[in-house]
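Participant: FYI, the numbering for the sequence shown is 1 to 126, going by my numbering.
These aren't lab readings, by the way, just hints derived from the structure by calculation.
All of these numbers come straight from a predicted model, not from anything done at the bench.
There's no promise every hint is true.
Computed beta-carbon distance windows for the label pairs [what the hints assert, rightly or not]:
(1) S63 <-> N3: 37 to 47 angstroms
(2) A56 <-> N26: 37 to 47 angstroms
(3) A52 <-> G95: 16 to 26 angstroms
(4) M4 <-> A93: 18 to 28 angstroms
Ideal Cβ placement from N, Cα and C applies to all residues, glycine included.
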Amino acid sequence: MTNMTILHPRERILQDGEAIAAIYRNLGTATAERMVTRALGELALTMAGIAAQVRARRMEDLSRQLKKLQSMAENLGMISLGLVAKDAQMCLARGDGTGFAAVWARLMRVAERSLASDQGFADLSL
1 MTNMTILHPR
11 ERILQDGEAI
21 AAIYRNLGTA
31 TAERMVTRAL
41 GELALTMAGI
51 AAQVRARRME
61 DLSRQLKKLQ
71 SMAENLGMIS
81 LGLVAKDAQM
91 CLARGDGTGF
101 AAVWARLMRV
111 AERSLASDQG
121 FADLSL
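I would like the entire structure built from these sequences, with the hints used as guidance.
Facilitator: Take a look at the structure:
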């Protein structure tokens with residue numbers, strides 16, 4: 001009889017609440033709320049577009065899209081998401097398909113947790 005262990009990876013999400021706090025300090029509550037909400041929506045759409053590209057195996061523009069995702073995440077203080085997007089870019093640059101597949105799975109988990117509506121920046125800040 002073979003013993004089998006099923007792994008359920010759960011990523012620790014690092015976020016820097018100071019990035020959002022600075023936006024609120026500089027723009028005021030109402031304007032910052034609109035801007036952050038719009039930026040999070042754009043980030044989610046960018047991630048969805050990247051996911052569609054990967055599913056369709058259209059890799060030609062993927063590195064640029066991952067760079068865009070990285071930049072957006074960093075601007076919102078989403079440290080983990082930005083770092084994993086950068087790792088995915090590195091795998092593509094090296095032509096490491098196996099590494100990319102592993103990092104892609106991680107990116108999907110991190111994006112899901114980072115964009116979850118029940119996750120607050122205060123709960124996940126450094």
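Participant: Is the distance from the Cβ of M4 to the Cβ of A93 consistent with 18 to 28 angstroms?
Facilitator: 35 angstroms, violated
Participant: Okay, A52 versus G95 on CB: inside 16 to 26 angstroms?
Facilitator: 22 angstroms, holds
Participant: Does the Cβ-Cβ separation between S63 and N3 fall within 37 to 47 angstroms?
Facilitator: Since S63 and N3 have Cβ atoms about 41 angstroms apart, the given range 37 to 47 angstroms holds.
Participant: Please check whether A56 and N26 have a Cβ separation lying inside 37 to 47 angstroms.
Facilitator: 39 angstroms, holds
Of the numbered hints stated above, the single one contradicted by the structure is hint 4.
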